[in-house]
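Peer 1: Given next are the chains, with one letter for each unit.
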Amino acid sequence: MSGFRAPPRKGENFELSADLNSEYREKRKDAIKKVIANMTVQKDVSGLFPDVLKNMQTDDLEQKKLVYLYLMNYAKTQPELVILAVNTFVKDTDDPNPLVRALAIRTMGCLRAEKIIDYLCDPLQKCLRDDNPYVRKTAALCVAKLYDLKPELVLENGFLETLQEMIADSNPMVVANTVAALSDIHTAATAAGTSSDAFQITSVILNKLLVALNECSEWGRVAILNALARYETVDEKESEHICERVVPQFQHANASVVLAAVKVVMIHMRHVHSENLTKQFLRKMAPPLVTLLSNPPEVQWVALRNINLLLQKRPELLSNEMRVFFCKYNDPLFVKVEKLDIMVRLAGENNVDALLSELKEYASEVDVDFVRKSIKAIGQTAIKIDVAAERCVNVLLELIGTRVSYVVQEAVVVMKDIFRKYPATYEGVIPTLCANLDELDEPEAKASLIWIIGEYANKIDNADELLSIFVDTFTEESYPVQLQTLTAVVKLFLQKPDGSQGLVQRVLNTATKDCDSPDVRDRAYIYWRLLSTDPGAAKAVVLSHRPPITLPRTTVSQPLLEELLGEISSLASVYHKPAETFVGRGRVGIDTVQRKDLEPADERSAAQKALQTVAAGQQSENLLDFADDGAGDGQQPSGLAATTVLASTPAAVNILSGTSSNPLDDLVSIFGSASMTVPSTQPPTSATPLVGFGFAAPATPSVLQAASPPVQQAPQDDLLGLF
Amino acid sequence: MAIDGLIILDFAGRPIIQSGFRSAAPAYPLLHIDALNNALSTAARPDDVDPVLYVPSLNIDSPSACCHARVGDMRFVCPVSGDIDPLYAFAFQQTFVDILREYFGHISAETLKDNFDVVYQLLEETLDSGGHPLTTSQNALRDIVLPPSLLNKVLSVAGVSGLAAPSTNPQPFASPIPWRKAGVRYNNNEIYFDVVETLDAIVNKNGMPVVSNVWGRVESNCKLSGTPDLLLTFNNSHSLTDCSFHPCVRLQRWARDKTLSFVPPDGRFNLMEYRFAPTSASSMHQVAVPLALRCVMTLEEHGGSFDLTLTSRLTTRSMENVTVELYLGEGASGASCVASHNASWSFEMKTLSLRWELKDVSPSGSYTLRGSFTSTAVIPRLSRAFRVHFEIMKHSFSALKIDQLKLTGELYKPYKGMRGKSAGNLEWRW
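Which chain is which? The protein sequence lines are A and B, in order. For the first sequence, the residue numbers in full-length UniProt numbering are 1 to 723. For the second sequence, the residue numbers in full-length UniProt numbering are 1 to 430.
Simulated from the structure, these hints should not be mistaken for lab results. Predicted model only: the values in this text are computed from it and were never measured. Where hints are given, some of them may not hold.
Just the calculated beta-carbon pair ranges, DEER-fashion [what the hints assert, rightly or not]: (1) A:Lys284 with B:Ala399: 24 to 30 angstroms; (2) B:Lys205 with A:Val368: 19 to 25 angstroms; (3) A:Thr473 with B:Glu357: 51 to 57 angstroms; (4) A:Pro535 with B:Ser41: 54 to 60 angstroms; (5) A:Lys496 with B:Gly334: 55 to 61 angstroms; (6) B:Asn38 with A:Gly193: 33 to 39 angstroms; (7) B:Ala292 with A:Thr473: 51 to 57 angstroms; (8) B:Val378 with A:Glu349: 38 to 44 angstroms; (9) B:Gly267 with A:Asn214: 48 to 54 angstroms; (10) A:Ala168 with B:Asn321: 37 to 43 angstroms; (11) B:Lys401 with A:Asn214: 46 to 52 angstroms.
Every residue gets a Cβ at the ideal spot worked out from N, C-alpha and C, and that includes glycine.
Here chain B stands alone, though its shape is the one from the complex:
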């Protein structure tokens, strides 16, 4: 009941790194790589390939499946044989990607190739050759696999890495709390909370949201000494529904009075995820979409013209990184537009879509994009919706605030900080 291993492929489908496979046949991983590459090349769109592929085997009695997901320019592949949970594979992939991000910052095929020794060690520590994930808590991992640091590199170039190496914790896993390492010391005790909320909405022609959901996440960065026991209360915790928590959170306490009581891991972690439900009673509880998009579209043979107006509904804040995208259909060959306010637009041949970018949308501001496009198709079949993305800094849809942070178990008084950040992914039908 476990996954068979992990293979990381580059964009061309060649393996970069793979874990040791227990399976006797060395061809086993290759079979999966091949099956995946085949499926990808035959699919009309690579993203439409079923995420769990059935892989027939050379010997008939042991077929298997291949769970794959795209991460940046790479693909993470987990072959599974036996009736196991594919989510287990996906969850492991996700965890491993998170670990890699934590170790290397940005990850790409290049970074993995440059740091293959660390990646190998990480693989060894996180995935048993029998396919059981081992240590995935980043706090514990840092004890046993040293992240590549500048110091290490400098020392190794200087030829004295022997001096720097033995800083691994001699007593790993001595901590009684699995997610927190023992004996952490900081000069400044601080903890930061980032509330990141994403509005996910579909808006119909009349500008009314058909569906809108706000998914929120509380990310924290904890730099506290010792074993602090925290009690966190929010000002409007009743509007948070469908919560899921980091294992450190005491669930019973949340069920009782909606407060978060926990001993935090050290460093960065996701404290909780939630869905924001404004007025819990009515069924139409929806968050207002902070912008409006008006579109006049005239379609002709071999093309069409459009007139887009984007208006911010915010009165005090400005929106950043607003992008509006429209797929112009098979055969689209070009576009020419005029954008107001120095906003930029582009037509991407690869995705056949028109992209309008506004770095900064001022409160109540109104922006336009006029233009036309051409297509080799007689009747261009455009997508029926614009994809709109935006960000709002220092804002959260739920207006979630920390009421209080109590610390017990340690004597110092921590500095606490909190930030809000919102983003939106809209589908705006026209």
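Extracted from the complex, chain A is given alone in its bound form:
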């Protein structure tokens, strides 16, 4: 454009300025477009503010929109100039064309300039009562924005009351936007700490919402459904009524409506006691969840995360649908991992064969992470379904036969878990495992194999030879491997004292003198002391009977699960963490938390309290175990014996958290964190959290008790920990 004009070129903005002031409207419009184009590519065109402003008064709606767009972008930096536009804005809110009225009120709401706000109230008052629904619905949202900037203006002008009346509007779109605006105000008010009666849902409003639900747009439906989720029903009948009215939304084409509806039904179903109705609702919930899986991967992922959560509460929900979750080769990793987790969750005696052949298939895939997870899933299946354990072991043996390094290593780790669940059942496998000793280079796999050797030392003829390999390289190994070697050698010594005295001496010597990990050193000292003072006691501690492991039914604690189910479809349910841990907007403030504690009625604080109680109860249970054991027959605490079982776990957790951001999937980490996050596991397993402390703690119960307060802290840390 007019490149000829400026040999001493004064820049593009200068030319644009000239064009903006041109006498030809076409030229002006083109110039505005160019300004916007420059704005888009982040060029600074703020200097043209007065020139652009001149073009605001026009009959051309498109041009007006573009000018408004420019204003919104630069109002923040040029607040004193925006005031020049106020008159036009106010005039536009009286325009005969509803589009112009709506546009003006919307833009004024977006400008966020203090000076404009004062002029906003009167036009807004008018627009809220406009004849045209398009203007009304735009104005409704504007109130929420005004509240964000100056809440007192909203209250003074009675906009809240107007909004509350507008819920009864004849146009469903207006109702939907009103609900959205009121919800926004409610959230803002709650966050700011003011009493939030802005959006009290009464039974009258409830009925209006239920009517509007079927008529408004998909976005409006989500807003209404979210409002319904907040409603507290007065009796069971009302809960049933809400569920019945919401269930048809399952068939909406928009995935977000579907999940919001699932949320509402899950929340209000808590108050429905009729077994029949509950079943009926759940039956209707399954198909839409399956349908979500035909969507693009990102939607699938969100759906899968939510399905995972739903299944923890209602395992029967998709019991016949496992095949839908079979992974495809080109699914993105995040989808595959979730599918895998859900497949194991859905595994039962009737479909385990299909599952195993599928998992075997995955284990030969290209993607290393996924292969490992599949092998883990085989282990989880073995632990979950007793009758299938043998088939799982056979599959694992086949995989070990492939001799692909990472497959073998993962299989060894998984075998260790199977040994823990079914002790002394699959000893025939041990030679095969030991044959692969040389191929192991990952600490976790090594530690697992060493544990197996130690555990079955009396059945493996050359156990001392195998272990001496590791003792030779003791100082070069990683700590988990060192810990395991130490324990395994002691176990060997206690079972076959004749040939292994030298070995035990050597390992204790190295561990106490040359090792720089306090954990390893301390444990070596404990063993040394035990062995030298009372070998009988040592036997009772080190070789004591260990409780079999189980697969937890939930990956999060029960109260947290309840809370998350109340937030299905939200980020909280995607991350499986309570919202406070990751969202801002003042929701984490200390006073908020305190306030919540003061309101016993508040569901979340109740949940948190329940969580604390459960955690505390679990701990006292552990301590009782100890007291009994210790006082009873002079046996040293079984917790220390558990140490040997689980010694590899903390390391395992570390290793795994490196490969996956979602430690919940991992079998081993479940063992590590199971008892911390899952109060529902049986007491035997729940003895394990002390393990971490048992490493360092001397074996006297009193010190263990002293060590327990930090443990008590652990569940909260775990739950509230950030990403």
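Once you have looked at the hints, place chain B on chain A.
Peer 2: The following block gives chain B in isolation, referenced to the frame of chain A:
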């Protein structure tokens, strides 16, 4: 409880267009763009980045998340703060992409840049600065944002666009039905239904399907005057399960007698989506896969050779655009093949995969691809499955037919048309 805005990035991660953000900090969108670009560059495969990224904030108390999805050569990003539904963001992105497609046909970074003024207007109309989606119904949008048309362009070049511009409807949203605009007139009243079905299956070594699902969609194009009230009956509606519908469909009517009763929107829309379940009683209800693939693979050090045979199991119809793909594993360096029947093959360096394309597979026809490949890896680790894609025109797996289309509320007799189209995405393990 809403998304914060929408940012559209080009393939290099630079923003093309973004909506106005309410957030006070101008750095907010940049923070998200940066977080996403970082995640993409560190991931082994860009598609493996979690679709909801956690974005730590500069001031600690307000971290947020970033929902992103790839669309063609662009990425659509929705930052969200607060505990909101990520699907809400994804659903909005999808809706917006659909709107853009409707406006511009094919969309790419280029088209968006060329039509930025229209895109901006669309953004303004569809997404409130507070993050609430506003008008997303395409019928209503056309009233307030004019699509770029050839006429407009010609007139603006001629300098008389003032004459053409004011064709926006002076009374928008006057229609009592939110998805249909009032006062539509056509000379020829016609409505078309396209039944598009996709077979999604995993087939094991023996050619037996492990999983197979048929997902179907009824797309319609409605050009009917006035406010027609339609009643559509299918011949085999009982085999459709897991249905979801356009909001115009009266759900109660479907629940009662499996007929679709609705007042259609004007123009193109998705009437319903469904899953096809052939015999609802047995648990092994599966659709037969219309082709067979036989593979003899010999793997050696630094390569291998293969012999593929693809046979159509269809007896009367031909399949079109059949492609067979195999990922040859890390380090694959090349392949040489001989394909029968003038079919074409290629080795794509970028994806390390072998691709065999058959434009047309005749009924019961049999095709072969023989060859070998080389790899720098000593033991090539190939993917365990072929990816097979095919299309069959004028065919639907469910054999869904319209039994009847009744129109009430208007006097004319509409012309109705129906087409079937099938596609398949198979994973064929060897």
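Peer 1: Taking 54 to 60 angstroms as the stated bounds, is the beta-carbon spacing between proline 535 of chain A and serine 41 of chain B within them?
Peer 2: Since proline 535 of chain A and serine 41 of chain B have Cβ atoms about 59 angstroms apart, the given range 54 to 60 angstroms holds.
Peer 1: Take a look at whether the Cβ-Cβ distance between lysine 401 of chain B and asparagine 214 of chain A falls inside 46 to 52 angstroms.
Peer 2: Given a distance of about 30 angstroms, which is not inside 46 to 52 angstroms, the answer is violated.
Peer 1: Please check whether lysine 284 of chain A and alanine 399 of chain B have a Cβ separation lying inside 24 to 30 angstroms.
Peer 2: Because 27 angstroms falls inside the window, the suggested range holds.
Peer 1: For the range 51 to 57 angstroms, tell me whether the beta carbons of alanine 292 of chain B and threonine 473 of chain A fit it or not.
Peer 2: holds (54 angstroms)
Peer 1: Okay, alanine 168 of chain A versus asparagine 321 of chain B on CB: inside 37 to 43 angstroms?
Peer 2: With a Cβ separation near 55 angstroms, alanine 168 of chain A and asparagine 321 of chain B fall outside 37 to 43 angstroms, so the hint is violated.
Peer 1: Does 55 to 61 angstroms hold as the CB distance between lysine 496 of chain A and glycine 334 of chain B, or does it fail?
Peer 2: holds (58 angstroms)
Peer 1: Return holds or violated for the Cβ distance of glycine 267 of chain B and asparagine 214 of chain A against the range 48 to 54 angstroms.
Peer 2: At roughly 23 angstroms between Cβ atoms, asparagine 214 of chain A and glycine 267 of chain B fall outside 48 to 54 angstroms, so the hint is violated.
Peer 1: Please test the hint of 51 to 57 angstroms on the beta carbon pair from threonine 473 of chain A and glutamate 357 of chain B.
Peer 2: holds (55 angstroms)
Peer 1: So does lysine 205 of chain B sit 19 to 25 angstroms from valine 368 of chain A, Cβ to Cβ?
Peer 2: holds (23 angstroms)
Peer 1: Please check whether asparagine 38 of chain B and glycine 193 of chain A have a Cβ separation lying inside 33 to 39 angstroms.
Peer 2: holds (35 angstroms)
Peer 1: At the C-beta level, are valine 378 of chain B and glutamate 349 of chain A separated by a distance inside 38 to 44 angstroms?
Peer 2: holds (42 angstroms)
In this structure, the earlier hints numbered 9, 10, 11 are contradicted, and the remaining ones agree with it.
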